[in-house]
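Input sequences plus hints: build the corresponding full structure.
Residue numbers (the numbering used here), protein chains in the order written: chain A, 12 to 210; chain B, 70 to 651; chain C, 1445 to 1534.
Honestly, the hints are just simulated from the structure, not real lab data. Predicted model, so just to flag it, every value in this text is computed and none were measured. A few of these clues could be false.
Stretches of chain C that chain A covers, calculated by requiring three or more beta carbons in the stretch to come under 8 Å of a beta carbon on chain A [said to hold, decoys possible]:
#1 1454-1466
#2 1478-1488
#3 1510-1522
#4 1527-1534
Virtual Cβ for every residue (Gly too), placed ideally from N, Cα, C.
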Amino acid sequence: MSHAMATNAGTAFEPGAGVYDKKLGMWVFLGSEVMFFTALIGTYIVLRFGAAETWPLPSSVLNIPVTAVNTFILICSSVSMVKAYAAAVEGNGKGLRFWLLITVLGGATFVGVQVYEYMQLVGHGFAPSSGLFGSTFYTMTGFHGFHVSMGVICMSWVTVQAHRGKYDNGRYEGVETIGLYWHFVDLVWIILFTIVYLI
Amino acid sequence: MTTAAGHGQADAGHHGLSFVRKYIFSTDHKIIGIQFLFMSLFFLLVGGLMAMMIRWQLGYPGQPLPGGGGLPETMAPGGVILPEFYNSLVTMHGTFMVFFAIMPLLVGVYANYLIPLKIGAPDMAFPRINMASFWIAFVAGLIMLAGFFVAGGHAAAGWTSYAPLSARPDLSGVHMGQVLWLVSLIVLGLSSILGALNYITTIINMRAPGMHWFRMPLSIWSLFITAILVLLAMPILSGALIMLLFDQTLGTSFFSPPEGGQPLLWQHLFWFFGHPEVYILILPAMGMVSDIIANGSRKPIFGYHSMVYAIAAIAFLGWLVWGHHMFQSGMNPMLGTTFMISTMVIAVPSAIKTFNWLGTLWRGNIRLHTPMLNALAFVSMFVIGGLSGIFMASTPVDIFIHDTYFIVAHIHYVLFGGSLFAIFAAIYFWYPKMFGRMMSERLGKVHFALTFVFYNLTFFPMHFLGMGGHMRRIYDPSEYEFMQGMQGTNTLISIAAFLLLASQAPFMWNFFWSLWKGAKAPDNPWEDNGLEWTVPSPPPHGNFAKTPTVYHGPYEFASPLVTEDYLPQSRPVPGAGGRAAS
Amino acid sequence: MATTEHKHPNYMAIWAWLAGLTVAEVLVATLSHIPRHWLVLALLVMAIWKALLVALYFMHLRFEPRRLWPIVLAPLPLAVIMVMVILQEF
Chain A
12 MSHAMATNAG TAFEPGAGVY DKKLGMWVFL GSEVMFFTAL IGTYIVLRFG AAETWPLPSS
72 VLNIPVTAVN TFILICSSVS MVKAYAAAVE GNGKGLRFWL LITVLGGATF VGVQVYEYMQ
132 LVGHGFAPSS GLFGSTFYTM TGFHGFHVSM GVICMSWVTV QAHRGKYDNG RYEGVETIGL
192 YWHFVDLVWI ILFTIVYLI
Chain B
70 MTTAAGHGQA DAGHHGLSFV RKYIFSTDHK IIGIQFLFMS LFFLLVGGLM AMMIRWQLGY
130 PGQPLPGGGG LPETMAPGGV ILPEFYNSLV TMHGTFMVFF AIMPLLVGVY ANYLIPLKIG
190 APDMAFPRIN MASFWIAFVA GLIMLAGFFV AGGHAAAGWT SYAPLSARPD LSGVHMGQVL
250 WLVSLIVLGL SSILGALNYI TTIINMRAPG MHWFRMPLSI WSLFITAILV LLAMPILSGA
310 LIMLLFDQTL GTSFFSPPEG GQPLLWQHLF WFFGHPEVYI LILPAMGMVS DIIANGSRKP
370 IFGYHSMVYA IAAIAFLGWL VWGHHMFQSG MNPMLGTTFM ISTMVIAVPS AIKTFNWLGT
430 LWRGNIRLHT PMLNALAFVS MFVIGGLSGI FMASTPVDIF IHDTYFIVAH IHYVLFGGSL
490 FAIFAAIYFW YPKMFGRMMS ERLGKVHFAL TFVFYNLTFF PMHFLGMGGH MRRIYDPSEY
550 EFMQGMQGTN TLISIAAFLL LASQAPFMWN FFWSLWKGAK APDNPWEDNG LEWTVPSPPP
610 HGNFAKTPTV YHGPYEFASP LVTEDYLPQS RPVPGAGGRA AS
Chain C
1445 MATTEHKHPN YMAIWAWLAG LTVAEVLVAT LSHIPRHWLV LALLVMAIWK ALLVALYFMH
1505 LRFEPRRLWP IVLAPLPLAV IMVMVILQEF
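Encoded structure:
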């Protein structure tokens, strides 16, 4: 680097991260989200190791098939999100609006199923106050659900904006940025589903 | 991706903004920085007044607080502070000072104000997120203040809120106060994260042409690395606070032992955040002091690159040492040894920085202006605080001094003697740029001298109390026979503390009087090199009429290539280009 | 914007992988006769595999400038350190 500076009197601009501001900002924000979920998931791992003998088998408490279908729905909404992004890049406004709508519906369905799941579980006597498993289960999945809900709200707004033509003519940045958040939430669910429901 | 040029024209039409958009819900980083300044100075005063009440109780146990008759019966009947209220005072003094005074003063005020100006950008990358960051912090402050007015009093489990005391209302007798405390800090965490992502994005993507990484002033380097620490540490605290909140409200059992919860887990999570937080509170101070010492010595900073690497090393090692807060908590002894070693290692980059400051001063053409005096106080007090830190890093010594006034002395030497002196230096240094007026140098020096003397009289004797076994957070030391001989020292400390508060009067007068009556500030009153000194005081909306080009590092003082003893970063001088920073 | 030039991966193929791995996970979790640590290991590998697919292809990390990677990866070692150290308490 010092060599380059010596040769061109140092006026050449050294580019930043090589991506536009919004995308960089979102990645930086996701870094903090990783740490947030680390606190919650790490707590779960630590408490479970500390009480390995008395920890109930998840499948004895939770409804795995329903959640497996729900996982599939969330993965599908991630695919529709990249389809929306690809449409935005190509300047295909119609495709963009269609796929965004599918994504919003997918996210909303996921949250709906989760609410149903909670109601069933509480009905069977499994609540946040049900020992360590209840505490960690509801905190982790609840905060994930909160993130999906926030995503659905933001995504609805993006869909409205798409109808107003904000992302026409290949101005895809906003769609890509919200998409990063959406995929991240999907990614967190992939981890949660495995370590909370299956292991 | 020449984003810096692209942002330049965005703010051309600002003159039509209403008063509310311009000064209250402003998206201008300079206004937001000034908003943070007033808010955090207010909380600094609140925290200071609480310290006075604590000192009154310790200096004159059981006697009615002068003017304390106005306090409600639940806090201080007849002016005599109740033990429960004393616990709240200790808790809230720490909370306000750490989260609402020092942290926003460093990260809220100076990161906001200086980053775009010093890297040659018109504003932050996300101005509206920046505005949200301030107003969210403001709401958090209101929630925290509200805790004093709820039934059961404010949180009283210490600023560290150790579980299970903080998790179970039946143990502490405090429920609503603790809940508000938790909610407030969760909200504040969101504000800090939004701020940090803005700072990081701005510094990475919006530097002016020629502002290479190794031409950034050390203040910007330290604020950048601090922002990374905030970004990655605050969410851990938020997660822990949320779990504690659920323990309080939803009946979960994360930290409550009867149901299998782990109180030690709270300490681990808290300090995994808490130790990076310590560096959040000192690194920006180090960076700004480096700028001011180079300016006051009229010499390039000694060892610029080693300064940058030392900041980075401190920040990284800061993640590996959190257990040294927990030596006496009953954690795994193997971890204790590991944390002792990693903590000792941090002394190395800290010493590098200290020697570099001394190297900068060596044979400099020193100008003892008020910012410089405060910066020198920072260096000397930080050395004392750092050395006492090495005492407690050693596990056998820590057994003896843990939870005593030695710890209280240490934290005040680094937080008051370190961070706050640096903040005073920064306020005096950048005030002309912020408000377009000079502060009075004479009053500034009076303020500095009084503060320095009474600060040392307040906190240095605490070392002796701690060695004598005086416990921290204790309500009435005179109840213990072995501490009765220390009452004289306690009274002396209290008198010094009251005078320390009184010494802030010249500062407050100077600050507010100069807002209207101070001499008009020139563009570059301190003859400094940073880009912020090339624009008018105060800088216009959008900062730079034309995006500046940077030709050399920020510390080109006493350059043989020019007749002045300073060389602004944006002034092209043939031959000076290759000298990046040294 | 220079970053628009990358080719799109085959999103439907990634989707098929994710769906297939999810089915595989649910099935593997029902195998109660194999030792538990192998079961856990297999499930973790599949979860990380899926997470990587999402990060690399849906979030386009694979096609981003390498300078972005340190920013993205920075939290991971800290997360691992925190959990591993706290686990030493047990």
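Hints, one by one, checked against the model:
no.	hint	result
1	1454-1466	holds (count 7)
2	1478-1488	holds (count 4)
3	1510-1522	holds (count 8)
4	1527-1534	holds (count 5)
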